[in-house]
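Engineer: Given the sequences, and given the hints that come with them, work out the whole structure.
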Amino acid sequence: MTAVVADPEAEQTPAPLLSRALPVVMRWVGTLAVALVVFSVLLLLKGASPVTAYTGIWESTFLRSRSLQEIVVQMTPLVLGALAVAVPARAGLTNVGGEGQIIMGGVGACGAFLFVGETAAPGLLLVAMLVSAMVAGAVWAGIAAAMRLVAGVNEAISTLLLNFVALDVLLFLIYQPWRESPVGQPATVELVDAAKLPFVAATRINVGIVLALVLAVVVYLALSRTRWGYKISVAGGNAEAARRAGLNVRLLVLSALMIGGALAGIAGMIQFAGVEYKLRPSFGYQLGYTSFLACWLARHQPFPILVAAFVFAALSVSGDSLQLDAGVPAASIHVLTAFILIAVLGFTASRRKAAA
Amino acid sequence: MSLVVDVLSGGVSGGTSIMYAGVGETVSERAGVINLGTEGSMLVGALGAYAAGVETGNPWIGVLAGATAGGALALVHGYLVVRRGASQFASGLSLLFLALGLTSLFGAPYVGQPVVGFDTWEVPLLSDLPVLGPVLFQHDPLLYLGYLVVPLVWVVLFKTRVGLLGRTAGERADSLTVHGYSVHAIRIGAVTAGGVLAGMGGAHLATAYANAWFENMVAGRGFIAVALVIFATWSPWRVLGGAYLFGCAIALGPALQARAFEINQFLLDAVPFVLTLAVLTILGKRTLSASPAELKRVFENAPPSG
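Residue numbers (the working numbering), protein chains in the order written: chain A, 1 to 356; chain B, 1 to 306.
It should be emphasised that the hints constitute simulated quantities derived from the structure, not laboratory data.
Among the hints, a few may not be true.
Claimed, not checked - Pair ranges (Cβ atoms, derived): (1) 127(B) <-> 175(A): 55 to 61 Å; (2) 226(A) <-> 300(B): 57 to 63 Å; (3) 56(B) <-> 324(A): 30 to 36 Å; (4) 115(A) <-> 3(B): 56 to 62 Å; (5) 282(B) <-> 200(A): 24 to 30 Å; (6) 126(B) <-> 36(A): 40 to 46 Å; (7) 68(A) <-> 180(B): 54 to 60 Å; (8) 280(A) <-> 180(B): 55 to 61 Å; (9) 282(B) <-> 68(A): 47 to 53 Å; (10) 267(B) <-> 34(A): 27 to 33 Å; (11) 115(A) <-> 264(B): 18 to 24 Å; (12) 2(B) <-> 210(A): 57 to 63 Å; (13) 160(B) <-> 180(A): 57 to 63 Å; (14) 282(B) <-> 44(A): 51 to 57 Å.
Glycine included, each C-beta is placed from N, C-alpha and C at the ideal position.
Structural biologist: Okay, here's the thing in structure tokens:
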């Protein structure tokens, strides 16, 4: 938790920046190289050529405009989902509930759409869906916050459990009350055009990414430049000291977790109104867990989260090229994702930090 | 009457994989390490058992392979969190993704392949008992082995020196260091043992319960096991009861639907989780005080000692 509370290195003399940064960079490059090599060995075991696989991934993922757009689309909910982990983390809270909060965001947005109806003014409809999604996400995280404040239940446990309740709520709704028709695939009715997020210029990228980038800046400013951001980091560092200093720790815990939930709710709304247009049983699948890991990869810092979300989205998109070029299942890309995570989690922190 | 028997019997057979994984997670958490990768250990255990079963035709070799695979994955988790100081939540989830990827990469050829799984073996005499017979004694051998696992783990944890060392690693790691034991080695051992049991749970799922392999077949049971350990406040006996209780909740929906009752399955699926949340809220701070002290430090984001 050292990285969250304070960055002791930042207060030291900044002079030999390059010489300090170089070993860190080398460690990152080294661990990532190992991850790629191990994955190559696995591909060889499966009789696929790693060279073909990697060049295939490179060409069809990064050299094609459509793939690049797809990466941006997929990184949007990850950015927001990771911010939903980062804000509570600043207050010393572990929010493993992004998965459920994203689902509830989608459910909230869909509920608003069904309630307000397609006749409403287009702008009003989108705003209603966004607000409803934020409230739904915040309430879902608020349950965990309330359980912590009233009964002392740890939020890492309760948010994790609430993920499964959220999934069951989603399935309940799309299998019965909100089901489009009793025959065929269980799904809600498709959004009307006015309820879909518009695209940026002439691309297939929905405007959600703009909102995500703006919110990353807002979260950065709120955490580092406001009294509230300072207070939650004090409460997260030492709750007892914060209490003695007269801070309302309970309110800070509640607000940090609920704001996290609201951010995840927005992620759900964007995934729903910008990508999927219907709630299906697979809605938001693993977005929350991926976001949680993206946040760890970025060490809970808002701007690095943008990079981590891009990396995860790129890996996810390249899974499809892997299937086409190397003939192995798309989900195999999870192996590479996991190797990168293991490498970074286990082998990029300095020895001293690892021992702490 | 037959509905009750169906649900209870289904609860026992469906709950067994959760029970194996839950008991394993209990061992791990008693030593101070929470493993969200339990779901992953079950997945590689399921594929390992299924693949070995297909290749050798012997389901017991399959169980061995599944247990090995589950243990190996947990060993990585143990190494990362104990030796490298990685976040327990992040490491566990990373290993879940590793398991999803590996089983998708190596499992594709086994989808739809027939396997020699475990057959039902009715226990002589006992299976003729009314109600208890069909509920408890008309199942597969791997499920019966599960009846022995809980008492065995309880004895090891609470009546042997190894168990004492493991529990001390979860309660007062410093005192182990003082007496010259390696907290690291003990914790890694406990996490690995937990993974072995989760792998056996996966094996039961693939070669006894479903007799099939498909991608992501564990479908959240590993997470249910993690919830169950907390629900059971770290007692192996309550894990046993809870696993069958959760199994019954899952079995109730199909049993009712088979009798043409209109029931939405997903409300019943939510029962284990809502129940756990309710228990946590009612027990309140007592749950946390019942938790191993070192585990509490993990939850509270405090650096572990030892």
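Engineer: Are the hints correct? Go through all of them and say.
Structural biologist: The hints, checked one at a time:
1. 127(B) <-> 175(A): 55 to 61 Å: Between residue 127(B) and residue 175(A), where Cβ atoms are some 37 Å apart, the hint is violated.
2. 226(A) <-> 300(B): 57 to 63 Å: violated (25 Å)
3. 56(B) <-> 324(A): 30 to 36 Å: holds (34 Å)
4. 115(A) <-> 3(B): 56 to 62 Å: The hinted range 56 to 62 Å is violated for residue 115(A) and residue 3(B), with Cβ atoms some 39 Å apart.
5. 282(B) <-> 200(A): 24 to 30 Å: Because 50 Å falls outside the window, the suggested range is violated.
6. 126(B) <-> 36(A): 40 to 46 Å: Given about 56 Å between the Cβ atoms, the range is violated.
7. 68(A) <-> 180(B): 54 to 60 Å: Since residue 68(A) and residue 180(B) have Cβ atoms about 58 Å apart, the given range 54 to 60 Å holds.
8. 280(A) <-> 180(B): 55 to 61 Å: For residue 280(A) and residue 180(B) the Cβ distance comes to about 57 Å; the hint holds.
9. 282(B) <-> 68(A): 47 to 53 Å: holds (51 Å)
10. 267(B) <-> 34(A): 27 to 33 Å: violated (47 Å)
11. 115(A) <-> 264(B): 18 to 24 Å: holds (21 Å)
12. 2(B) <-> 210(A): 57 to 63 Å: holds (60 Å)
13. 160(B) <-> 180(A): 57 to 63 Å: holds (59 Å)
14. 282(B) <-> 44(A): 51 to 57 Å: holds (54 Å)
The structure does not agree with the numbered hints 1, 2, 4, 5, 6, 10 stated previously, though it agrees with the rest.
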